[in-house]
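Chains as they are written, first to last, in our numbering: chain A, 1 to 364; chain B, 1001 to 1364.
Hints in this document: simulated from the structure, not taken from any laboratory.
Backbone N, C-alpha and C define an ideal beta-carbon position, used for all residues, glycine too.
Treat the hints with caution; some may be incorrect.
[Said to hold, decoys possible] DEER-style ranges, computed between Cβ atoms:
{"no.": "1", "chain 1": "B", "residue 1": "Ala1040", "chain 2": "A", "residue 2": "Glu341", "range": "53 to 59 angstroms"}
{"no.": "2", "chain 1": "B", "residue 1": "Leu1029", "chain 2": "A", "residue 2": "Arg80", "range": "42 to 48 angstroms"}
{"no.": "3", "chain 1": "B", "residue 1": "Gly1154", "chain 2": "A", "residue 2": "Ala358", "range": "41 to 47 angstroms"}
{"no.": "4", "chain 1": "A", "residue 1": "Ala40", "chain 2": "B", "residue 2": "Ala1358", "range": "49 to 55 angstroms"}
{"no.": "5", "chain 1": "B", "residue 1": "Glu1281", "chain 2": "A", "residue 2": "Arg210", "range": "58 to 64 angstroms"}
{"no.": "6", "chain 1": "A", "residue 1": "Arg323", "chain 2": "B", "residue 2": "Leu1029", "range": "25 to 31 angstroms"}
{"no.": "7", "chain 1": "B", "residue 1": "Gly1154", "chain 2": "A", "residue 2": "Glu341", "range": "50 to 56 angstroms"}
{"no.": "8", "chain 1": "B", "residue 1": "Val1280", "chain 2": "A", "residue 2": "Phe175", "range": "36 to 42 angstroms"}
{"no.": "9", "chain 1": "B", "residue 1": "Pro1026", "chain 2": "A", "residue 2": "Val280", "range": "33 to 39 angstroms"}
{"no.": "10", "chain 1": "A", "residue 1": "Trp333", "chain 2": "B", "residue 2": "Glu1118", "range": "40 to 46 angstroms"}
{"no.": "11", "chain 1": "A", "residue 1": "Glu213", "chain 2": "B", "residue 2": "Ala1041", "range": "48 to 54 angstroms"}
{"no.": "12", "chain 1": "B", "residue 1": "Trp1333", "chain 2": "A", "residue 2": "Arg43", "range": "37 to 43 angstroms"}
{"no.": "13", "chain 1": "B", "residue 1": "Trp1333", "chain 2": "A", "residue 2": "Glu245", "range": "32 to 38 angstroms"}
There are 2 protein chains.
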Amino acid sequence: MKYAQTGVDYDVLDAFKRACQKAAVPTALSLAARGAAEPAAIRGESAYLVDTGDAYLAHVEEGLGTKNLVADAVLEKTGRSLYRNIGIDLVATIVNDLATCGALPLSVAMHAAAGSAEWFRDARRCADLAEGFAEGCRLAGAAWGGGETAVLSGVVDPSSAVLAGSAVGRIQPKFLRVAGDVRDGDAIVLLASRGVQTNGLSLCRAIAARLPEEYATPLDDGRTYGEALLDPSVIYAGFVEACQEAVVPLRYLVHITGHGWRKMMRIEEPFVYRIEKPPVEGALFRFLRERGPVDLKEAFATFNMGAGFAAYVRPTDVDRCLRAGGAAGYEAWVAGSVRKEGTRKAVEIVPAGIVFDAQSLRVR
Amino acid sequence: MKYAQTGVDYDVLDAFKRACQKAAVPTALSLAARGAAEPAAIRGESAYLVDTGDAYLAHVEEGLGTKNLVADAVLEKTGRSLYRNIGIDLVATIVNDLATCGALPLSVAMHAAAGSAEWFRDARRCADLAEGFAEGCRLAGAAWGGGETAVLSGVVDPSSAVLAGSAVGRIQPKFLRVAGDVRDGDAIVLLASRGVQTNGLSLCRAIAARLPEEYATPLDDGRTYGEALLDPSVIYAGFVEACQEAVVPLRYLVHITGHGWRKMMRIEEPFVYRIEKPPVEGALFRFLRERGPVDLKEAFATFNMGAGFAAYVRPTDVDRCLRAGGAAGYEAWVAGSVRKEGTRKAVEIVPAGIVFDAQSLRVR
């Protein structure tokens, strides 16, 4: 199976995104009257920044996608609400994007738009979602700064909800901004993920639909597919904070979500990202590959495959980076290096014999 | 007809909101480690604030509700896309909330989550939405700082989209914060709205469904019902900015949205808000009352009725407030005054003989 088979025509979305980007660019001129400015080269990055003179403010708006449909299916079948994890996932998908620019979150807001008031009648699910979101904020070191709750009948499916939100963060002092100053020979540090986190869920759902036991299907480690899919995402803001405190300059950070490992070549300048040590494949990714079946290259192009965040650092900073990350509770390792090979841009996963070229990642 | 008949059980939503608020409160403790703090009495206000020492950062997450369903119906019937106005509405609903605390927006993000990629295939609608959102940002003096575009099949209706977003703003210097320092005798300045803006749309849609010509039904000013409903909202950030520049202290600001005029008693301390000069009723509100039919009190409890924003100011500041607002292009007038009547809390619309007591506004 391929992600494209799950039915989303990205060309159409890209046309809309381009229209938005085109319309958005001139609006930055307004900032001058507010004593602020848009920093260079910020459009297309994972977070928007505003230069307020003494600091950068960071802003991210994000959605959870369709992961709550998995939680709903598991809840219906087993009576077990894993919505606490969904709450953590929702914070993770927002603040991990924010952290890629070096910003630490201050306020995170939740948006829950259900298709009917009935959706909110499940008190267990509601409490779990709220507690999970609060736990996510705690893990991110941010305040839960309000949000929006709405019923949108005629827009959202009556049995479902759109879960989304936003975060405000700050980079201070300004030199902590991670702007993409990558150089030949930089080390690629990967950070372990916990399961699929928040991407590739459409494909995961399509696979579940074809399994006789659906989400109750056991993995070879004895857990069920549904339970494993719903492991809560890792929140990487604490890694970024730990590196800042340890004065480890971060040259670039990648939140490995949509487009999977192809995201590692997100920066515009051409480099080759050579991975010698990918993560050991866990039971969930093995299951997805075997039961999809999903080709290994397609799997790396879609899922995080065990690494949810990447940091590019100077070789001389690697030890301190790993120590700082480890002390903050993150499993991190040097997985490879960045190479300058003229104008060539690619991600190479050496042990798997996989190469993604520049054309495979069209969207930033 | 009554708003409650449109099918949203707010008691269930309120239970969820309370669970969220309860879980959210302790998360503010995280801010200390970031050199920031949550200001007192901010929970329950329209915008969340973070005190960063030299300034307040403001954060709002909001949604458009179901107004785009009206635009879709008009588009389908007449071929005319009024999505430019929807884009302006979306910015308005976000930044008007932000402005109530005295914050001026810096970055506004759009979230468009459609039920199918097909939704984005209408290039006219997409371009209009993008242009309108950019125009809204321009009117708000903010940059369009990115956002999120998603297809959520199985969550959102395939023919529809959830339109939402967020804003980051700032209050600097900090004394410009509007915190609710209301006093007996303060003047109530109302600002004209443009149509229903972004609230009461469920009721408007229910009324359309019972009209033989639906949105094509003419109002007595010759325009159609659909066209009038889709007039773009007024963005009030410029009014707040003009008052700040003219050094007019704003004691409290109310964005008149859900709960209509009952919102005027949003502040916790009991006051009586006595309105002597409500707006002259326009063709759209007359139509809604007559064709609903919607009782006058219910109309004031649901719609903005011609006034989308209220400012409470010292009587001695009224002239300068009106002059500043007028120079910035806002239609504003002194509509009444705030009275201290012991522990009584009410909104009185004197010429209409309407009184809303404290019990009529349970949700903040």
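Against the structure, the hints:
Ala1040(B) and Glu341(A) have their C-beta atoms about 57 angstroms apart, which keeps the hinted 53 to 59 angstroms range intact. Between Leu1029(B) and Arg80(A) the beta carbons are some 30 angstroms apart, a value that contradicts the proposed interval 42 to 48 angstroms. Between Gly1154(B) and Ala358(A) the CB atoms are about 33 angstroms apart, so this pair departs from the stated range of 41 to 47 angstroms. Distance hint for Ala40(A) and Ala1358(B): a CB-CB separation of about 52 angstroms, consistent with the stated range 49 to 55 angstroms.
For the pair Glu1281(B) and Arg210(A), the beta carbons lie near 59 angstroms from each other, so the given range of 58 to 64 angstroms is met. Taken as a hint, the range 25 to 31 angstroms holds for the pair Arg323(A) and Leu1029(B), whose Cβ atoms sit roughly 27 angstroms apart. The beta-carbon spacing between Gly1154(B) and Glu341(A), approximately 43 angstroms, falls outside the hinted interval of 50 to 56 angstroms. A beta carbon spacing of about 57 angstroms between Val1280(B) and Phe175(A) contradicts the range 36 to 42 angstroms that was offered as a hint.
Roughly 37 angstroms separates the CB atoms of Pro1026(B) and Val280(A), a value that falls within the hinted 33 to 39 angstroms. Distance hint check: the CB atoms of Trp333(A) and Glu1118(B) are about 43 angstroms apart, consistent with the given range 40 to 46 angstroms. Distance hint for Glu213(A) and Ala1041(B): a CB-CB separation of about 52 angstroms, consistent with the stated range 48 to 54 angstroms. The hint said 37 to 43 angstroms for the Cβ distance between Trp1333(B) and Arg43(A), and at roughly 42 angstroms that hint holds.
Here the CB-CB span from Trp1333(B) to Glu245(A) is close to 55 angstroms, at odds with the stated 32 to 38 angstroms.
Figure legend: structure checked against the earlier numbered hints; hints not met, in rising order: 2, 3, 7, 8, 13.
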